[in-house]
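Which chain is which? The protein sequence lines are A and B, in order. For the first sequence, the working numbering assigns the number 1 to the initial residue and increments by one for each residue that follows. For the second sequence, the working numbering assigns the number 1 to the initial residue and increments by one for each residue that follows.
Hints in this document: simulated from the structure, not taken from any laboratory. The reader is advised that the hints may include incorrect statements.
Said to hold, decoys possible - Straight-line distance between alpha carbons at most 30 Å, and here's what the computed DSS-like set of lysine-lysine pairs gives:
| hint | chain 1 | residue 1 | chain 2 | residue 2 |
| --- | --- | --- | --- | --- |
| 1 | B | Lys-43 | A | Lys-136 |
| 2 | B | Lys-59 | A | Lys-43 |
| 3 | A | Lys-107 | B | Lys-36 |
| 4 | A | Lys-100 | B | Lys-32 |
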Amino acid sequence: MMKNKMKKSKSNSALFAAFPHTLPIMAGFLFLGMSYGIYMHSKGFSFLYPMLMSITVFAGSMEFAAVNLLLGAFDPLQAFLMTLMVNARHLFYGISLLDKYRGAGIKKLYLIFGLCDESFSINCSVTPPENVNKNKFMFFVTLLNQCYWVTGATLGGIFGNFIFFNTEGIEFVMTAMFVVIFLENWLKEKNHLSSLLGLFIPAFCLVLFGKNGYIIPAMLIIVATLILLKPYFTKREAKVKK
Amino acid sequence: MTVTEHIITIGVIALGTMLTRFLPFIVFPADKPTPKFITYLGKYLPPAIFGFLVIYCLKDVSLISGSYGLPELISIISVVLLHIWKRQMLLSIAGGTVIYMLLVQLVF
Numbered sequence: 001m002m003k004n005k006m007k008k009s010k011s012n013s014a015l016f017a018a019f020p021h022t023l024p025i026m027a028g029f030l031f032l033g034m035s036y037g038i039y040m041h042s043k044g045f046s047f048l049y050p051m052l053m054s055i056t057v058f059a060g061s062m063e064f065a066a067v068n069l070l071l072g073a074f075d076p077l078q079a080f081l082m083t084l085m086v087n088a089r090h091l092f093y094g095i096s097l098l099d100k101y102r103g104a105g106i107k108k109l110y111l112i113f114g115l116c117d118e119s120f121s122i123n124c125s126v127t128p129p130e131n132v133n134k135n136k137f138m139f140f141v142t143l144l145n146q147c148y149w150v151t152g153a154t155l156g157g158i159f160g161n162f163i164f165f166n167t168e169g170i171e172f173v174m175t176a177m178f179v180v181i182f183l184e185n186w187l188k189e190k191n192h193l194s195s196l197l198g199l200f201i202p203a204f205c206l207v208l209f210g211k212n213g214y215i216i217p218a219m220l221i222i223v224a225t226l227i228l229l230k231p232y233f234t235k236r237e238a239k240v241k242k
Numbered sequence: 001m002t003v004t005e006h007i008i009t010i011g012v013i014a015l016g017t018m019l020t021r022f023l024p025f026i027v028f029p030a031d032k033p034t035p036k037f038i039t040y041l042g043k044y045l046p047p048a049i050f051g052f053l054v055i056y057c058l059k060d061v062s063l064i065s066g067s068y069g070l071p072e073l074i075s076i077i078s079v080v081l082l083h084i085w086k087r088q089m090l091l092s093i094a095g096g097t098v099i100y101m102l103l104v105q106l107v108f
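Looking at chain B on its own, in the form it has when it is part of the complex:
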């Protein structure tokens, strides 16, 4: 590929990405009432998406080979316990990450 072709490819990728981001706002503009059904989805989708994102982060973990997903499991349990205990977002995230790093570097 030439540099021009690179730039066109990157442009097309940027355009496609923006389409996925802008489309809902174009189809349901702010100055017109949004269909009830879309408002309903807007309200009940977020909790499901939060769950979806957790699974999304874990999609490369294999439960049947390597370390069987144990470092991930232990670290997620630590994050949950830390968070229920102290309810400090940064502490839970940092704590869980350090535990995970120690596990994959030293244990597994």
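Same shape as in the complex, but just chain A:
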């Protein structure tokens, strides 16, 4: 029993350690989730739709895109291909997290299932306090984030256009969060080359290909450039070790 109790308190400490890191996402996801629910409501869907989609799909931009697919003619193949295009970035998150998620046991299934942009950024950049189980910490980050999104989407779907204050611009909370994560990593890292590539290549592709088609070329060029730079990075690493 004693052991059980200790186990429980460890779970709690992981939850408490994870919670503050998810606060900006709570603000962002409740708002964006509600916008999504309201949008679905305005297109005549029951709140069950945004709720079901945020539980099973849990990928914001695709859920927004899905509204039009659901309103159009039945075409599952098109829906499938579009999903792969919009969500291809997850492949790169997975590659970056192979090592971190190793050894997470059964929790790993949910960690991968709930891998969104925001959970990726936190789990990839935050080191939990020493007395906290790392796997539980990452599990709660992922779970809390999904709860916020599902809550927002469902509330939006139920209440429709019920808005209580001028929320224009609140979506910037997500941009601000990614800027801080980028900056925090910048202040910690010794070499900024990869960070700089991550800013300039997508910006360049955005100008070149436009906002609907830049993601995949940007990702591919980033990976190709990193592969070309492998000798440089490996050499640097060897130098630092010496």
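Following the hints, complete the assembly by docking chain B onto the known chain A.
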């Protein structure tokens, strides 16, 4: 579309999304050594992805029309300065968001 067709469409979208999430972990299982080259990418990709996500958030901003991206620029500079000054993640995020909201609601 009927409700059944809706459910199939949502199912297909969920399946496609899960494929993009699970694929790397299926191709490179934890119990087998990951190719050196993938480990290398896993190490050097994250900083680039953090940058990518910043640009991703800004993809709808137009520099040649509307407010020329000024509210975004001012707010991002505020976030960066706040963060370098206090190094408090929540303060930087909340501060920058409030500044942005004031700018788009009252100024631009």
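Now the hints, each set against the structure:
1. B:Lys-43 / A:Lys-136: Roughly 22 Å separates the two Cα atoms, so the pair holds.
2. B:Lys-59 / A:Lys-43: Holds, at roughly 25 Å.
3. A:Lys-107 / B:Lys-36: holds, 26 Å
4. A:Lys-100 / B:Lys-32: holds, 15 Å
Figure legend: structure checked against the earlier numbered hints; every hint is met.
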